[in-house]
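Visitor: Please work from the sequences and hints to get the whole structure.
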Amino acid sequence: QQPVQSPQAVILREGEDAVINCSSSKALYSVHWYRQKHGEAPVFLMILLKGGEQKGHEKISASFNEKKQQSSLYLTASQLSYSGTYFCGTEIGLGFGNEKLTFGTGTRLTIIP
Amino acid sequence: NAGVTQTPKFQVLKTGQSMTLQCAQDMNHNSMYWYRQDPGMGLRLIYYSASEGTTDKGEVPNGYNVSRLNKREFSLRLESAAPSQTSVYFCASRRGTEAFFGQGTRLTVV
Chain A
7 QQPVQSPQAV ILREGEDAVI NCSSSKALYS VHWYRQKHGE APVFLMILLK GGEQKGHEKI
67 SASFNEKKQQ SSLYLTASQL SYSGTYFCGT EIGLGFGNEK LTFGTGTRLT IIP
Chain B
238 NAGVTQTPKF QVLKTGQSMT LQCAQDMNHN SMYWYRQDPG MGLRLIYYSA SEGTTDKGEV
298 PNGYNVSRLN KREFSLRLES AAPSQTSVYF CASRRGTEAF FGQGTRLTVV
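Protein sequence lines, in the order shown, are assigned to chains A and B.
Taking this note's numbering, the leading residue of the first sequence gets 7, the next gets one more, and so forth.
Taking this note's numbering, the leading residue of the second sequence gets 238, the next gets one more, and so forth.
I should point out that these hints are in silico values taken from the structure, not numbers from a laboratory.
Any given hint could turn out to be false.
Stated by the list, open to error - Sample of chain A residues at the chain B side, in silico, Cβ under 8 Å:
#1 23
#2 47
#3 48
#4 109
Cβ atoms here follow ideal geometry from the backbone N, Cα and C, with glycine treated the same way.
Guide: Right under this line is the structure:
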């Protein structure tokens, strides 16, 4: 079953902040975040593991609450280059045979000047 | 370093025709995946392979078969294409934390 993402779409002005949420009905071992530009393949941003701490990547960071089976992606002081569709991916384990990575429906982020 | 290579990039099929989408990776990854992407549906997992010779169904396996004959290659076969299989198909491979995606195959079934 796909994780659920919200919102489905968001429009920001350059410099504004955004939060994208991801939740699952299953117990999770890890949460992945990917970004896809129009017409391109998804690209890895970060992974958060169960028991791990909040991760950061430039001005993009994320948290993972394994008890609530939720993750949030935070984009601060957004730049035009942040536009794209963001996907969260979830799996119930890591390592051989457990890396069955399931993605959410995506959040389309548009940054306007 | 080519990464993940998918062929073909574009394909038009008639209903009922069969075809195989090819995927190869040169990163010595164990895990490989096939996803389909449709508007508003995100990336949906069709099949997953943990290693050569092993495959596991994903969320939407009906109408597809896969083959992982060796570590490098993971193919997706449509035995009798249907218009509902019109989509963009992505192959991915992974070892550890990061998955790498191919550039996709845009398939249209008419």
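Visitor: Take the hints in turn and mark each one as holding or not.
Guide: Hint check:
1. 23: The hint is violated - residue 23 of chain A has no Cβ within 8 Å of chain B, the shortest such distance being about 23 Å.
2. 47: 4 Å, holds
3. 48: Hint on residue 48 of chain A: holds, closest Cβ of chain B at ~5 Å, below 8 Å.
4. 109: Constraint on residue 109 of chain A satisfied, holds at 4 Å.
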